[in-house]
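Novice: Using the sequences and the accompanying hints, generate a full structural model.
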Amino acid sequence: MAWRCPRRRTTIRVWLSIYSRDAYLHGIMSDEEKEVSVKFMKFWTNFAKSGDPSRSDTSSSPGEGEWAWPTFTIPELNYKELSFEMKVDRGLKADECNFWNEFEPELQSFVASMDQSELEWREEFSGWQDDLEEWRMSFSDYQNEPTCET
Numbered sequence: 017m018a019w020r021c022p023r024r025r026t027t028i029r030v031w032l033s034i035y036s037r038d039a040y041l042h043g044i045m046s047d048e049e050k051e052v053s054v055k056f057m058k059f060w061t062n063f064a065k066s067g068d069p070s071r072s073d074t075s076s077s078p079g080e081g082e083w084a085w086p087t088f089t090i091p092e093l094n095y096k097e098l099s100f101e102m103k104v105d106r107g108l109k110a111d112e113c114n115f116w117n118e119f120e121p122e123l124q125s126f127v128a129s130m131d132q133s134e135l136e137w138r139e140e141f142s143g144w145q146d147d148l149e150e151w152r153m154s155f156s157d158y159q160n161e162p163t164c165e166t
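Per our numbering, residue 17 is the first one in the sequence shown, and the count goes up by one each step.
Calculated from the structure, these hints are not laboratory results. Don't take every hint at face value.
To be verified - As a list, the in silico BS3-like pairs of lysine-lysine whose alpha-carbon atoms are at most 25 Å apart: (1) K109 - K50; (2) K65 - K103; (3) K50 - K103; (4) K96 - K58; (5) K65 - K55.
Specialist: If you want it as C-alpha cells, here you go:
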C-alpha cells in the first residue's frame, strides 16, 4: 500500500528549499512552488519584523489581496491558508474543536455523575462483550474442524 499526501500538504517542503543546494532531496521545484516559497519567506520575515505577516515593518499598512492576513478573532475565526491559492478561509477544524468544546465536557460530567457500582458494572460488561466475541470465534473454529469418529 502506498501512502499519499494531498498536494497542498506538500507545500510545507518549499518554505525555504528554494535556495537549498539539496535539490536532489526535494526534487526540482516548479515556478509556482518557487513563488509560494518566496511568499512564505516574506510572510515569516514580515512577522518577525512587525508582528504582522502582511506588514513589511511596523509603520507600513496591512497587505491586500493575497498579501492580506486577517487577525484571528472570535467569532469570525478567519485564517490564512498556506497553499498555492493563499486564500483566507473561516473556521479551520471547527467540527473537531466542537467535539472538544461541547461533547467532551458533557462526557466528563456524565462519567463524574456515575456511582462506583455503575462504573464497575460497565467495565465488567465491556469485558464480558470481549470474552463473548472470543468465545464465538473459538466455537466457530470448533464447528469448522473435522470431527473424530470412534
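Novice: Hint by hint, note whether the structure agrees.
Specialist: Here is what the structure says about each hint:
1. K109 - K50: The hint is violated at about 28 Å.
2. K65 - K103: The hint holds at about 23 Å.
3. K50 - K103: holds (18 Å)
4. K96 - K58: Holds: K96 and K58 sit about 14 Å apart, inside 25 Å.
5. K65 - K55: holds (15 Å)
In summary, the one numbered hint that this structure violates is 1.
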